[in-house]
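Based on the sequences and whatever the hints tell you, model everything.
The primary structure of each chain is shown beneath.
There are 2 protein chains.
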Amino acid sequence: MSAPAPRQPPKGTRDFYPPEMAVRRHIEKAWRESSIDHGFDEIDGPTFEHLALYTVKSGDGIINELFSFRRAGGEDDYALRPEFTPTLARMVAARASSLPQPIKWFAIPTHFRAERPQRGRLREFIQWNVDLIGVEGPQAEVDVLSTAVVAMERLGLSHSDVRVKLSHRGVVAAALHALGAQTERLADAFALLDRRDKMEPSEFDARALAIGLGASATTRLAMIARTQLSIESSADTIAGALGCSPTDAQPLVELNQRLISAGLGHWCDLDFGIVRGLAYYTGSVFEVHEASGAERAIAGGGRYDKLIESFGGPSMPAVGFGMGDVVIGLLLRDRGKLPSDDDLTLLPRPDVFLVSAGSPEAEQLLPQLAASMRRAGLHVRHTYKTTRNVGKLLSEAVKCRARHALILGGELEQGMIAWKDLGAGTQSLIPVGEVVARILAVPR
Amino acid sequence: MSAPAPRQPPKGTRDFYPPEMAVRRHIEKAWRESSIDHGFDEIDGPTFEHLALYTVKSGDGIINELFSFRRAGGEDDYALRPEFTPTLARMVAARASSLPQPIKWFAIPTHFRAERPQRGRLREFIQWNVDLIGVEGPQAEVDVLSTAVVAMERLGLSHSDVRVKLSHRGVVAAALHALGAQTERLADAFALLDRRDKMEPSEFDARALAIGLGASATTRLAMIARTQLSIESSADTIAGALGCSPTDAQPLVELNQRLISAGLGHWCDLDFGIVRGLAYYTGSVFEVHEASGAERAIAGGGRYDKLIESFGGPSMPAVGFGMGDVVIGLLLRDRGKLPSDDDLTLLPRPDVFLVSAGSPEAEQLLPQLAASMRRAGLHVRHTYKTTRNVGKLLSEAVKCRARHALILGGELEQGMIAWKDLGAGTQSLIPVGEVVARILAVPR
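Chains as they are written, first to last, in this note's numbering: chain A, 45 to 488; chain B, 45 to 488.
Hint data in this document are derived by calculation from the structure and do not stem from the laboratory. Worth double-checking, as some hints may not be accurate.
Same chains, same names: a pair is fine if it fits in one copy or spans any two.
Below are the EDC-like pairs computed for lysine to aspartate or glutamate, each with C-alpha atoms no more than 16 Å apart in a straight line [said to hold, decoys possible]: (1) K73 with E86; (2) K55 with E119; (3) K429 with E180; (4) K73 with E334; (5) K55 with D120; (6) K443 with D378; (7) K55 with D121; (8) K55 with E168; (9) K436 with E119; (10) K381 with E197.
Now the structure itself:
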């Protein structure tokens, strides 16, 4: 009890002072509005779940990064949620028979990973999740990708700033098969591809051999991971590049054509190095990246047609993605799409700033006037200082960018208030009883 | 890995399906908009903090209810935040010299308490926090209470539904002094008052004796805790009821007069049974209750002038309150101020619902049209089914309460789309190229 109180937030977590919170709400607003415009409804789940929810399907990458705990005296193991998809799958499985279909949900929850904090990666972060469940065809991918793209457009980013990188596990699996990979080792092959940049070439070769790939097949595998093609590529082109059959490439070509139809083609590239670390993807996989390849992925997702079933629900096709707030925040700042720290222009602008010159009548009137304007839906700030230096108090009004200033000064004796329209730069005297109506009459 | 995945959220936590989430956002919207209209800026902090942040000042009531944990291999002890005030005090203390004053902040974070779940109390809940730091006078209390009241008004509650119950630790301390309580045992006396309903009379008497109160003083103490007076009471009336001097009662009387001035008088009662469990309050304390006294407190707060200093900041006066989402949600539901579970009228209404009769041209046009309408800011849903039974598909449009339905049917051969204004009940044919402009021209 005698140690001083901590001054800093825990490592890898953030304090959101008003300017940082305004940036967060600005990003969340674009996420939320694009979701709603695309017909997704908002959901949320618990911040912590039973630990078992994550040991079932998420894969080792996430298990090692869990913050887990028990209640003192309790017997259940819990973990702070590292991602949203297990919660989503649980919620769908629990009510699959009664939910209207297709299920179109989005969420903007907080997530936690006990990893080493670095640029673009924190221990606590906010992640937008968009999921469409119950649609087999590629229109599902088109809808979730369009939701991501429209949100980024509304944040001021264009297809020269960010690129959607697409691959397809089915197509890559066919290519791996053609190279000699064993069917039962495909999951290991994807995990190997995903982690290829994190190991020495010798380790990569040894693991490829364990999967059934000889030296030349391993060279081909590394080449596949470097293959990038236009979204307009034909099935023959894709098949030629990957070494699979054109029929194998067909599902990806159909998706590409739909994306082009929906006006998303110029945002997208094929990139067969995109794998996604999570084990549960079954078809398309995609990531959004900064155009030059700088920074970590801005978003990632894909199709996971077996996951709902594995959580005890019915068999249901599903597509979804997650976009964290950290990398997109860095990108928006770097591109000048956000106000700087000092510039609070994302904070809401007051409609009215009230100044009292300090007389007893003014002090009595100020809270009354503020209350009636707030009941009328106006954003009202006022000074807490009492000084006759009204000019100094007015500078507060200008600083917070109020639209109007009202000065409760000497004119109160005649029942009048001085009104400054700070936008128009005009000033006039108005009767106390007309103030609310007059302010409401000025368009915002 | 072989056990089935959990189907339920952890005990005391909630899944928010779209109808529950719509209710949560409805409540949060009233909280946020009232905060902004009163000139508060939004902040947030980490979901977990260093455990030491809570062992410093919160009092035993909260310490026993913490969810605490360590990172595997880490050395720091953390706890999920049980309340927001310690985070707020830490954030203020860390930047007190550079923050513009007064500091007016609100937050809507998630909180966690490892207690037994019961009606109105969960292990995870959302709590609105409003704090005003740097103002000594009672205008600070008026502003935070007005923020609470305006939010409740906007949720449809009136002063016959809920009451603000006010007390003042300074005034009650004077009364305790007059009864013989020792100055250095005042904190114990407040803790005793706060927990009086949770102990046997014999235990109450024994503890009162330890504080320095004899039998008759203990009877008087119990009477003080049952004292309720009008907000318009004079200093003499309050002094007479509590057994302190009128001078002691003056700070409360000044607060009451300010509240009446600001039009809040008819929402408020004096209730000297209000103590608040947290140790850090130094002056006014208040709770919001359902008018008949049913349910737990809807909100609680007060003045905490020493807290910022105790977290290593400068000495700064402060007033704030917290309002959880659980009790107010129960109350709104009980009073019929929320749609029922089946009625989704809080969910956003689509502007347009697109239906395709299934021709190749319609299937090609649907994603294009959806994309251009969404870029124009419209909320667009569409069917994922392909059937010629357009009537059945239109029922989906009606079910989600879309404003307009567009049918991509046989008229497409002539470049026309059937447009149903579902509000006005009219139907007409419009050229494909004019659709977006025509929909935008109809006022929402």
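Okay, the hints, checked on the actual structure:
For a Cα distance limit of 16 Å, the shortest separation of K73 from E86 qualifies both inside one copy, at 13 Å, and across copies, at 14 Å. Within a single copy, K55 and E119 get their C-alpha atoms only as close as 28 Å, which misses the 16 Å cut-off; across copies the closest is 12 Å, which meets it. Taking the closest pair of Cα atoms, K429 and E180 come within 16 Å of each other only across two copies (11 Å); inside a single copy the shortest separation is 64 Å, beyond that limit. For the homomeric pair K73 and E334, neither the shortest alpha-carbon distance inside one copy (21 Å) nor that between copies (34 Å) is at most 16 Å.
Proximity of K55 to D120 under the C-alpha cut-off of 16 Å is restricted to the inter-copy arrangement: shortest distance 10 Å between copies versus 27 Å within a copy. In this assembly of identical chains, the alpha carbons of K443 and D378 never lie at most 16 Å apart, being 26 Å within a copy and 44 Å across copies at closest. Taking the shortest Cα distances, K55 and D121 sit within 16 Å of each other only across copies (12 Å), while inside one copy they are farther apart (23 Å). In this assembly of identical chains, K55 and E168 lie within 16 Å of each other by CA distance solely inside one copy; the values are 9 Å within and 23 Å between copies.
Proximity of K436 and E119 under a CA criterion of 16 Å is satisfied in neither setting, with 61 Å inside one chain copy and 51 Å between copies. In this assembly of identical chains, the alpha carbons of K381 and E197 lie at most 16 Å apart only when taken from the same copy (11 Å versus 38 Å across copies).
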